[in-house]
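**Student:** The lines below spell out each chain.
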Amino acid sequence: MDISALPILSALWFGILTSISPCPLATNIAATTFIGKQIETRYSTLVAGAAYTGGRAAAYILICFIIVGGLYSIPGVSMFLQQYMNKVLGPLLIIAGLIIMGIIPLAVPQPGGMNSGFVHRLNRKGLLGGIFLGFIFALSFCPVSAALFFGSVVPLALKMESSVWLPMWYGIGTALPVIGFALILASGTRYASGFLRGLSVMERYLRRLTAAVFIGIGIYFTIVYLFGISLPQNF
Amino acid sequence: MKHGALFKTIAAILFSGLFLTLGPLSTGVLAGPDEAADKTPEYVAYYFYTSKRCGPCTRIEKWSRDAIKQNFKDEIDAGKLQWRAINVEKPDNKHFIQDFKLYTKSVIIAEYRNGEAVRWENLEKVWNLYQDKEKYFDYVAGQTSTFMESS
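Listed in order, the protein sequences are those of chains A and B. The opening residue of the first sequence carries number 1 in my numbering; numbering runs sequentially from there. The opening residue of the second sequence carries number 236 in my numbering; numbering runs sequentially from there.
Chain A with its partners taken away, still in its complex shape (with noise of 0.2 Å):
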């Protein structure tokens, strides 16, 4: 497959323009404090970030073999996924952040007798919780995501037969931003960390005020998406 560096940095700025758009910006700013409460170690916040990456990327590169493969036409996906993906999204935050706040205890599947430490660890580190949660927001479309994916992105892929490479790119430049910030806040907690309590402290507040986040985030897209209530809004 012979992927030019312009394709792949047009995917790659399409991402970036994606997640720098108003429309994505509450899902952002639960996946920046998710992935910033990541603070155990210095390379904490970069793995769970990772993980957020891949997550994203798997979800575009799935709706691309699924478009490609002539599973389903470029409107059907998208106007299903901004209909319904977005109501799915208000209560599956909710149950995140109580999920996060300690509330509803988390059980992780163990197929095959998977060793419950490996599973705690990846669990821990906000790996598995990272996938999960780029998946899901990737699927979340809104009108200028779907506008810059759908309208940009896959028709390049397309053409340029790469139903892999470019989604990923896509994927990659939506989470960068996010990550951005993350390490921006990450920093910030691991530094002020040093005057207050330590890092163990830190990390439980940085835990509540992600849950509260999640929960407060869950709750706007119910009221607007599941029950139809039009809030003010300016973007």
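Certain hints may be false.
Claimed, not checked - Pairs of lysine-lysine residues, derived as DSSO-like cross-links and limited to a Cα-Cα distance of at most 27 Å, are as follows:
| no. | chain 1 | residue 1 | chain 2 | residue 2 |
| --- | --- | --- | --- | --- |
| 1 | A | 159 | B | 368 |
| 2 | A | 87 | B | 325 |
| 3 | B | 368 | B | 315 |
| 4 | B | 304 | B | 329 |
| 5 | B | 336 | B | 370 |
| 6 | B | 329 | B | 297 |
| 7 | B | 287 | A | 87 |
| 8 | B | 297 | B | 368 |
| 9 | B | 315 | B | 370 |
| 10 | B | 297 | B | 370 |
| 11 | A | 159 | B | 315 |
| 12 | B | 287 | B | 360 |
| 13 | B | 329 | A | 87 |
| 14 | B | 370 | B | 325 |
| 15 | B | 370 | B | 304 |
| 16 | B | 360 | B | 336 |
| 17 | B | 325 | B | 336 |
| 18 | A | 87 | B | 336 |
Derived from the structure by calculation, the hints contain no laboratory data. Predicted, not measured: the structure shown is a model, and the values here were computed from it.
Let chain A serve as the given structure and place chain B on it in line with the hints.
**Tutor:** Using the frame of chain A, we list chain B on its own:
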């Protein structure tokens, strides 16, 4: 072994997403003529939207309508061009999604003959220009003019 099981877990998450995206396979897409076909003028400038409105979406609708009405007053008065805003979530309008291959809220210019759309263009760049009013108006007016002249 441990990693194999992890991949199974990740695969399960990915497959759950697959089912979500395949959901619409069971929903039919309404196809049919425009309900106002007998009254359809030669050209129609559409704004297609959904029930959930957003800031950029209402701006795109307003700017597109204003650009059309300001730049094509004679054509509109003569009944040659018409502006229509259509909610594609209403059952009678769902056919427009397939008719014009809509993937988001869109501005479409269509040419009709005997009530049937023979040619259309999606003004895709509205999503790149919705923060610059002057360029937006120039783009919508320019594309519409070129489209009408090229028939």
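**Student:** Which numbered hints does this structure break?
**Tutor:** 1, 11, 14
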